[in-house]
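Undergrad: Each chain, written out:
Number of protein chains: 4
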Amino acid sequence: MAKIRLGILGGGNDSLIGILHRVAANMFEQFEITGGVFNVDHDKSLNFGERLGLDRSRVYKNLEEMIRQEKELPEDKRIQAVSILTPNFLHYPMAKQLLENGFHVICEKPLTTTLQEARILNEIQAESNSIFAVTYTYTGYPMIRQMKSMIANGEIGSIQKIDVQYYQGWINPLIHDKDKRSATWRLDPEKSGISCCIGDIGTHAFNMAEYVSGMKVEKILADLNYLYEDNPMDIDGTVLLRFGENVKGVLRASQIATGEENNFTVQIYGDKGGLKWEQENPNYLYLLKEDQALQVLKPGHAFLSDFSLEGTKLPPGHPEGIFDSMGNIYYGVAMAIKDKVKYTGAYPTLGDGLRGMSFIEKTVSSHKQGNIWIKMQD
Amino acid sequence: MAKIRLGILGGGNDSLIGILHRVAANMFEQFEITGGVFNVDHDKSLNFGERLGLDRSRVYKNLEEMIRQEKELPEDKRIQAVSILTPNFLHYPMAKQLLENGFHVICEKPLTTTLQEARILNEIQAESNSIFAVTYTYTGYPMIRQMKSMIANGEIGSIQKIDVQYYQGWINPLIHDKDKRSATWRLDPEKSGISCCIGDIGTHAFNMAEYVSGMKVEKILADLNYLYEDNPMDIDGTVLLRFGENVKGVLRASQIATGEENNFTVQIYGDKGGLKWEQENPNYLYLLKEDQALQVLKPGHAFLSDFSLEGTKLPPGHPEGIFDSMGNIYYGVAMAIKDKVKYTGAYPTLGDGLRGMSFIEKTVSSHKQGNIWIKMQD
Amino acid sequence: MAKIRLGILGGGNDSLIGILHRVAANMFEQFEITGGVFNVDHDKSLNFGERLGLDRSRVYKNLEEMIRQEKELPEDKRIQAVSILTPNFLHYPMAKQLLENGFHVICEKPLTTTLQEARILNEIQAESNSIFAVTYTYTGYPMIRQMKSMIANGEIGSIQKIDVQYYQGWINPLIHDKDKRSATWRLDPEKSGISCCIGDIGTHAFNMAEYVSGMKVEKILADLNYLYEDNPMDIDGTVLLRFGENVKGVLRASQIATGEENNFTVQIYGDKGGLKWEQENPNYLYLLKEDQALQVLKPGHAFLSDFSLEGTKLPPGHPEGIFDSMGNIYYGVAMAIKDKVKYTGAYPTLGDGLRGMSFIEKTVSSHKQGNIWIKMQD
Amino acid sequence: MAKIRLGILGGGNDSLIGILHRVAANMFEQFEITGGVFNVDHDKSLNFGERLGLDRSRVYKNLEEMIRQEKELPEDKRIQAVSILTPNFLHYPMAKQLLENGFHVICEKPLTTTLQEARILNEIQAESNSIFAVTYTYTGYPMIRQMKSMIANGEIGSIQKIDVQYYQGWINPLIHDKDKRSATWRLDPEKSGISCCIGDIGTHAFNMAEYVSGMKVEKILADLNYLYEDNPMDIDGTVLLRFGENVKGVLRASQIATGEENNFTVQIYGDKGGLKWEQENPNYLYLLKEDQALQVLKPGHAFLSDFSLEGTKLPPGHPEGIFDSMGNIYYGVAMAIKDKVKYTGAYPTLGDGLRGMSFIEKTVSSHKQGNIWIKMQD
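Residue numbers (full-length UniProt numbering), protein chains in the order written: chain A, 1 to 378; chain B, 1 to 378; chain C, 1 to 378; chain D, 1 to 378.
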């Protein structure tokens with residue numbers, strides 16, 4: 001079966017996110033990178049396209065040109081799906097145009113910069129036939145998929161406690177210097193939206209909590225930290241979560257956890273057991289049961305769920321990393337496109353992105369109103 | 001120099017807390033267990049005393065008899081310090097009598113069952129010459145002492161984030177059965193005070209946060225979980241902490257984290273680095289620094305602080321456990337008694353116990369008033 | 001700059017080694033898979049080529065046809081390098097033809113099935129301009145590269161002890177059943193050469209010991225295990241190593257270490273420190289120094305060597321896996337081809353493959369002669 | 001029941017081994033330290049006795065006096081068992097006298113300085129009623145006991161591979177300096193016997209291999225390292241082990257593994273599974289089974305063997321250390337004395353010590369004869 005033709009917006013030069021998406025797209029050999037707009041400077045874009053071995057005619061000046069010209073191509077030549085890797089504020093207008101012109105979309109998170117924009121995209125997609133993925137990258141790890149399968153199968157019983165942590169330290173060297181913090185685009189609401197820490201990493205933790213548990217957060221109470229009065233963006237926060245009447249949780253996120261790299265952890269406890277996972281050691285899933293030995297599940301074993309095994313390409317003992325996780329998401333998108341099934345569970349959806357935007361708004365709102373409970377609506 | 005004569009209240013038969021205290025008392029050979037009341041049944045108490053090799057005349061019917069008769073002995077024979085290992089509601093009356101009669105006291109936590117009782121003890125001790133220790137056992141670990149020393153010396157700079165977790169799962173098999181939960185003394189306010197989870201383990205985490213950081217919690221906001229309407233005691237909770245204007249923290253405690261044994265962790269981040277520790281692997285202290293390799297400090301090395309080294313008896317590579325930690329606290333008490341110095345920093349004090357009682361009251365109060373901020377006063 | 005045109009021999013259908021090489025070839029976007037022979041059945045080969053999106057005219061019936069027709073193409077269209085992923089006994093004849101016709105070669109290990117064949121290839125390459133890599137996959141991990149850099153820079157001083165382990169358990173369920181063991185191709189000398197365990201995984205450990213230490217094994221003494229008299233191939237073994245007069249080492253390999261997955265470890269000690277690494281947790285390198293905290297180095301930090309950093313594509317905290325390791329080897333080959341430099345240190349060479357063949361022969365010989373010392377010659 | 005009266009030879013002042021034995025003896029409250037000879041200088045010995053709270057009359061000038069005077073005491077006052085903590089060369093004459101006078105003996109390892117002496121002790125004990133323990137300390141860990149129980153119960157089936165490692169780095173800073181190495185008593189054969197590394201730590205590994213597996217080493221082939229010609233004692237070595245026809249093993253020991261503390265590991269594989277343990281993390285036992293999740297067993301759980309549980313005093317999650325391990329050995333000795341059962345399996349015996357001496361002799365002999373196989377005889 002022919003590969004899916006993929007266009008890319010942004011991610012040129014040495015962009016890290018660019019490499020991540022391209023490796024992921026190539027990993028299962030379901031996509032063929034066909035064209036795109038890699039840079040606002042068209043010459044740079046052309047050079048980059050050449051590096052990728054693309055036909056010059058498929059490297060466009062801008063999205064509008066790309067859409068127009070691709071639509072003139074015969075269907076079996078035309079770009080089918082487009083990855084949006086541009087700065088956050090461009091996600092919305094680009095995704096909107098792509099949806100309106102019948103393309104499938106793979107969009108980096110956060111989906112948009114406001115909840116309102118996310119709602120509009122959601123409405124457009126509902127009426128379209130497009131597959132729309134939001135790349136919450138970490139959901140593609142085989143052991144996260146195993147965790148999701150086990151919880152769905154009742155392995156840990158009724159959930160009674162959900163605890164997610166996402167700690168980084170990268171903003172510490174910037175935040176204590178007035179000049180540096182005011183020059184950082186991540187701390188500029190014009191460029192990054194209303195939240196830094198919750199918007200950037202808190203949403204990953206929020207999405208993961210809902211993704212693996214299969215439960216929805218009903219209300220939240222947030223306590224954020226800005227450290228300096230002149231800093232307009234949160235750089236640390238704790239959010240109390242209520243999933244159901246007696247199912248409580250807590251989400252902790254920080255960018256001032258000095259020395260932490262990308263310490264994202266998930267702990268979920270039910271009345272029959274617990275499951276724990278750490279992003280920095282993604283190939284280990286810990287199953288806790290009363291009066292039994294701790295079990296450490298690792299990828300690739302026959303006793304794992306099909307959903308998990310589908311995401312592992314080599315036998316046990318061959319470590320997988322972040323590329324594999326993103327590769328699994330791209331594979332999920334490819335299958336959805338080929339099977340024409342909109343919601344498969346194998347990739348994070350526009351709906352997940354919308355929930356994320358709602359979470360950001362409610363969290364900042366709870367904090368600013370004095371740490372009060374606020375209901376999640378979407 | 002002669003050993004300190006130690007009396008013990010409770011802890012007879014196969015009491016676990018009894019073994020822990022006796023091993024700790026013997027460990028540094030500073031104490032000699034001399035007498036006590038090990039059981040309300042005097043015959044059982046006598047049998048137990050025999051097992052310990054005690055003189056029958058020093059095994060008493062009750063505390064009153066013990067105090068009266070010991071005071072009749074010459075000073076160089078008399079019991080000098082007494083460990084209180086009885087059920088919680090007896091801590092207060094026993095400690096009060098002991099203080100009023102000039103004995104040093106080593107009391108299990110929680111110090112009392114109400115904040116009011118704790119305040120009274122505090123006032124009595126302030127006027128006495130007695131040393132009074134509350135056995136927050138985990139503070140005696142060499143790597144906790146190292147953590148405290150490093151923070152005090154500025155190794156991680158100004159603290160900006162404090163995160164403590166204490167997760168257990170032991171109450172899960174009881175809580176979902178109406179008969180079992182109503183028959184558990186831990187869930188009976190008459191016997192355990194107003195809080196189960198926060199009172200039993202949350203206070204350990206609270207004490208540790210203040211102990212290692214050298215900072216005081218100023219206010220708290222708590223969200224507790226009782227799971228069932230007929231259950232009067234919290235079994236899980238998250239508490240937002242405010243240490244200073246911009247120093248925030250979070251304390252998480254649970255007894256329904258199914259499958260967890262005694263998963264108590266401390267993570268503290270400053271503007272110059274971070275420090276992390278886990279009780280179940282107590283011989284490892286993790287030092288995180290920007291753009292440096294992660295450092296794993298282990299006990300017994302010459303580069304550690306004197307305070308840490310004092311608590312390690314063997315060369316590096318010989319694992320220490322919970323007995324060693326309690327042994328260090330007993331040693332700290334012994335030194336305080338011998339040196340006649342009331343507050344040395346080497347053992348948790350009555351003041352720490354009082355803070356703990358205050359924390360329990362404020363936490364329950366915050367939760368019951370709808371998860372609002374409440375100031376710590378003591 | 002244009003991508004290098006890559007041909008592939010074998011690795012079709014769901015071959016695991018096929019996926020590993022293709023992902024690696026694509027990872028840094030230096031290669032373009034252009035053609036090959038993926039299956040002895042030409043129809044299957046054509047189908048597979050279609051799956052990869054290849055031009056049918058570049059999917060050949062056999063190697064001879066491929067060489068002939070590719071050489072008729074203009075130089076800027078012609079396949080430049082070829083990956084050999086076929087069964088072991090085909091490595092030699094294929095590599096020979098490719099070298100003789102001016103192609104660069106990337107060959108799976110073991111290089112050949114006999115030492116004699118390896119020597120012939122070595123002589124041919126010496127006279128050619130071809131780059132020749134043997135894919136000792138694990139040498140491409142960033143932390144292995146860091147280990148190599150640190151040892152070369154004297155970080156651990158003069159080496160005095162080298163210890164490598166490669167334990168797997170996969171042959172246990174086969175070996176104890178006479179029918180199963182006689183039906184396994186890995187245990188058939190016709191198909192696998194003279195050694196199973198040492199040939200398959202012992203050579204990895206041997207190569208790694210020499211690669212990271214920069215030292216050469218001078219002589220060996222081996223004790224192998226065959227478990228059953230009718231089993232002609234070793235499935236476990238320990239090899240004493242002598243690197244220099246007083247530099248001793250030991251290599252342990254097993255395929256009957258039941259339950260082990262791919263437990264390959266490297267421990268090297270010098271007079272100034274030690275370095276340790278485990279393949280199943282490849283992103284951690286442990287540096288041991290006397291009277292210093294244990295240091296755990298992780299990929300992507302600025303303080304690492306350039307050689308290590310070149311192999312890491314994302315910031316710290318984004319785990320890398322086996323694909324990344326192989327990707328780095330392919331990248332090393334690409335740079336060598338582009339720069340026309342034969343031996344760069346950035347990929348394992350034909351010489352390494354030759355050493356590996358020699359090691360296999362000497363090891364089996366030492367064992368069969370009664371566990372005596374034998375000199376390595378090549 | 002009355003405590004067993006214990007005498008101690010050596011271990012005075014701040015002797016580390018002294019603390020270890022006293023804490024262990026006190027831990028289960030089965031022994032009462034009654035007297036001894038703590039120092040060759042009688043005044044120092046008396047001072048130390050006072051520190052322990054002993055009666056001056058039980059602090060003796062030398063062993064002869066101690067034996068003579070104790071034997072004059074009534075049986076219910078007399079010292080029953082004696083711990084020998086003196087330098088190695090004194091073990092033999094002291095143990096001999098004690099056995100000949102009817103005392104039970106607890107002797108530090110190595111049992112003697114020559115195999116011949118060990119044989120003599122063995123013969124004397126065979127005719128006596130004395131319990132004789134050799135303190136291979138690490139055998140007392142609860143998870144080692146669990147490992148032993150599981151192997152005995154067939155949990156991992158027939159053993160096919162045994163791998164033990166004991167790596168330390170402490171001799172590195174001494175060995176490269178001619179003056180330092182010649183001044184170290186550990187490297188003086190007069191004081192330490194014929195072997196340093198194998199004698200000191202290799203014997204631990206050897207004993208452990210036999211203890212947990214229940215198998216006996218039949219022959220060995222050793223390759224030792226002395227590093228310098230003027231150094232008379234091995235400081236590193238690898239020993240090939242043969243347990244039965246096809247059961248092979250390997251023992252690695254080093255004191256020049258720079259930076260290692262006390263890295264003693266045991267890996268045993270059978271045809272039904274594998275078991276692994278590390279001394280520096282003694283509370284974790286790893287059970288490997290084909291196609292099952294890795295299991296991590298921890299102390300104190302009801303599903304563990306009685307033998308393991310007997311050695312754990314607190315509930316799961318309360319870490320145990322080296323004192324607990326030695327405490328369990330002392331407890332085993334106490335039970336043997338009380339029950340008058342000579343060989344209970346709960347403590348290492350004189351026979352184990354004898355095997356250890358034999359192992360040292362054969363190992364050095366194998367090495368000196370050119371790394372040849374030598375049969376173990378005792």
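Check each hint, because a few of them may be wrong.
In this list, chains with the same sequence are indistinguishable; a pair is considered to hold if it fits within one copy or across any two.
Here are the simulated DSSO-like cross-link-like pairs (lysine-lysine), alpha carbons at most 27 Å apart as the crow flies [what the hints assert, rightly or not]:
1) LYS219 with LYS96
2) LYS340 with LYS289
3) LYS61 with LYS216
4) LYS342 with LYS71
5) LYS77 with LYS3
6) LYS44 with LYS96
7) LYS272 with LYS61
8) LYS180 with LYS272
9) LYS219 with LYS338
10) LYS77 with LYS272
11) LYS272 with LYS3
12) LYS178 with LYS272
Don't read these hints as lab results, they were simulated from the structure.
Undergrad: Could you place LYS342 and LYS71 in one of the four classes (within, between, both, neither) given a Cα distance threshold of 27 Å?
TA: The answer is within: 22 Å in one copy meets 27 Å, while 47 Å across copies does not.
Undergrad: I want to check one pair: LYS44 and LYS96. Are their C-alpha atoms no more than 27 Å apart within a copy, between two copies, both, or neither?
TA: Answer is within; shortest intra-copy Cα gap is 25 Å, inter-copy 42 Å.
Undergrad: Checking an output row: LYS180 and LYS272, CA cutoff 27 Å. Within, between, both or neither?
TA: between (49 Å within a copy, 17 Å between copies)
Undergrad: State whether the alpha carbon distance between LYS77 and LYS3 is at most 27 Å within one copy, between copies, both, or neither.
TA: This pair counts as both: shortest intra-copy Cα distance 11 Å, inter-copy 23 Å.
Undergrad: Treating 27 Å as the Cα threshold, decide for LYS61 and LYS216: within, between, both or neither.
TA: Neither: 42 Å inside a chain and 56 Å across chains, both beyond 27 Å.
Undergrad: Please work out whether the CA atoms of LYS272 and LYS3 approach to 27 Å or closer within one copy, between two copies, in both situations, or in neither?
TA: Result: close neither inside a copy nor across copies, 44 Å intra and 45 Å inter.
Undergrad: With 27 Å as the alpha-carbon cut-off, assign the pair LYS340 and LYS289 to within, between, both or neither.
TA: The answer is neither: 40 Å in one copy and 41 Å across copies each exceed 27 Å.
Undergrad: Under a CA distance limit of 27 Å, which applies to LYS219 and LYS338: within one copy, between copies, both, or neither?
TA: neither (37 Å within a copy, 56 Å between copies)
Undergrad: Can you give me the call for LYS219 and LYS96, within, between, both or neither, at a CA distance of at most 27 Å?
TA: neither (29 Å within a copy, 46 Å between copies)
Undergrad: If the cut is 27 Å between Cα atoms, do LYS272 and LYS61 qualify within a copy, between copies, both or neither?
TA: This pair counts as neither: shortest intra-copy Cα distance 57 Å, inter-copy 46 Å.
Undergrad: Are the CA atoms of LYS178 and LYS272 at most 27 Å apart within a copy, between copies, both, or neither?
TA: between (50 Å within a copy, 17 Å between copies)
Undergrad: At most 27 Å between CA atoms: does that hold for LYS77 and LYS272 within a copy, between copies, both, or neither?
TA: Neither: 52 Å inside a copy, 55 Å across copies.
In summary, the structure is inconsistent with hints 1, 2, 3, 7, 9, 10 and 11 from the numbered list given earlier, while agreeing with the others.
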